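Take these sequences, add in the hints, and give me the full structure.
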Amino acid sequence: MRAPTPALPDAPLARHLLLAAVGLVAVVLVLQGVSEFRRFQLAEMAYLGIAAGGLTVLTGLNGQVSLGHGALMAIGAYTAALLLPDRDASVPLPLVLLAATVVALAVGAVVGVAAARLHGPYLAGATLALAVAVPGIALYFKDTLGGEQGLPVVLPEPPAWALDTAYFLTGQELTTSGYVALIGWLVLTVTYVLLANLSRSRVGRRWRAVRDDEVAAQLAGIDLGRARVSAFVVSAAAAGAAGAVLALSVRLAAPSSFTLTLSLTLLAAVVLGGLGSLTGALLGAALLTFLPQVATGLGTDAGLSDIQAAELAPLVYGLVMVAVVLLAPAGLAGSLRLLAVRRRTRGALSTTSKGTAR
Amino acid sequence: MPRSVAAPASTSTSTPVSVLELSDVTVTFGGLTALDGVGLAVAPHQVHGVIGPNGAGKTTLFNVACGFVRPDSGTLHHHGTPVRRLRPTDLAGLGVARTLQGLGLFDRVTVLENVMIGADRHARTGFLGSLLALPRAHREDRALRERALAVLEELGVAHVAALLPPSLPYPLRKRVALARALVAEPELLLLDEPASGLSADEMDELGTLVRGLTDRMSVLLVEHHMDLVMRVCDEITVLDFGRVIASGPPERVREDPAVLAAYLGETV
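Protein chains in written order, with this note's numbering: chain A, 235 to 592; chain B, 2 to 269.
Read the hints as simulated data drawn from the structure, not as lab findings. Because the structure is a prediction, the values reported are computed rather than measured. Backbone N, C-alpha and C define an ideal beta-carbon position, used for all residues, glycine too. Please note that the accuracy of each hint is not assured.
Stated by the list, open to error - Footprint (simulated), chain B over chain A, 3 or more residues, beta carbon under 8 Å:
(1) 242-250
(2) 431-441
(3) 574-583
To be verified - DEER-style ranges, computed between Cβ atoms:
(4) ALA144(B) - LEU253(A): 54 to 60 Å
(5) GLY354(A) - ARG125(B): 32 to 38 Å
(6) GLU147(B) - GLU391(A): 49 to 55 Å
(7) ARG143(B) - PRO390(A): 40 to 46 Å
As the list claims (entries may be wrong) - Over 10 Å on every C-beta distance to chain B, these chain A residues come out as not near it, computed from the model:
(8) GLY257
(9) GLN266
(10) LEU327
(11) GLY370
(12) VAL388
(13) PHE402
(14) GLN406
(15) ALA502
(16) GLY531
In structure tokens, the structure reads:
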């Protein structure tokens, strides 16, 4: 267990920052080369990826299942909407994103304290209640939260320096959807760097210990409750940031965006990609974003009517899900990792049997 | 506790204070009395064995010492200081490490990380240091990793450091579990049936290893294999039906008629 890849630096922070920088350059290059619609899709992938990243930390590293992450995204989105009601809103964007994260974090702390005492299906049930209840709050407080129609979100003008820099770097004017996608991927990058830091650190080790064996974790001096609550809080904060990016992207915070389906979708993304893997979470988000459209496109090409082609999407999605669970239960990224571990095992154990018998 | 007023520092020079002392511990589960007025004291740098037939209360005694079971009555002293409401999470801080009968390894993290988690009480990095991956956190992690590797090396299992525990044969897994306990550098090590599932050779090796630990720590040992217990222990407490039926050095316990009676018919 020295440096996992010889080409990358040993210190986790340096490694994560390097990967983040490379990723951001790639994102900027991709964003300038694609259509407006694709930019919108990439923004969608970004917010799904942020939320899935938080969820994979909770479920993959700490073993807690949450069906309520859609609701936590809603809290982030509504916070952003309340802070950006019209063009004159003076709250700067970074502050809006931060506020959305902090509010979701606070709610996550409350839910996490309850969640730390629950296990498996009971935890799923409690978070399910959250997913059902939170959109209801928006309906109840119709005057402040806009009821069924939701709250409009007014995207602030990009600052002049951002426009200039974008033009200087890419030779193109920054469009609105390009701007939103860029914000989304910036937030994603920051979130992933922080989550990766945590995952590789003492905190991540403690989360895994609690997930794998409670008794042994306690004997190592780890407080089960505190480990669980901290994982939930981190995960909720990521969901809040994702919600804010969603609100910026669709310019609306409405209950219909945060149905139970969203929570389940996030969980599916995490399972598809591989529990506990940030790469996996991003892969899952990409699949969720692009697969339906690709499937519909293929259907239309094959001569199906528009309605039939549209119905193809959930079918293909379901088939992919079944295939992954059957063929690669550890998920896409997780299976690759397992393969590597297995190779190492064969190597290490065969050298001992050849070596001195102890 | 009428006797022994807690003053560990001053008394330790004249008469050595026990690292762990249980006195008059009684535990009942419903109508069943698992432990009935049991007491034992583990002296510094000694190996103390707890033996007894199945169901004698050995593991319950361990669980009381670890805070998993709260006794109905009785007291617990660490270095002469009374400990009330002991919780399992306090143990590491008190300098007590324990291995588990079922090993309890963390199955989805590498052997090295398993051992690093065992050394967690030596880590200081907080949440913020972890979140931002501060250089200090990285240095500490590296130190922890080296400490863990050194213990794995000492137990001859460093070559499997990067593997997952379920992929290892049982004796290796046992060593990893022991490494995870040792890396905490405890003052008192509780070993719950360390020899189960080991071959005669491996048991021999284990005996030597346990004896070698006494210059660093005390050991409290629950074990079925009588020959191992007789070989490594300085003191033995014999339990039967939740009571202490004999205690003392191995040669005395071996000849004790009550012990012979309890074990009569058993192959020892």
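Run through the hints listed earlier and report the numbers of any the structure violates, in increasing order. The structure conflicts with hint 4 only, although it agrees with all the remaining ones.
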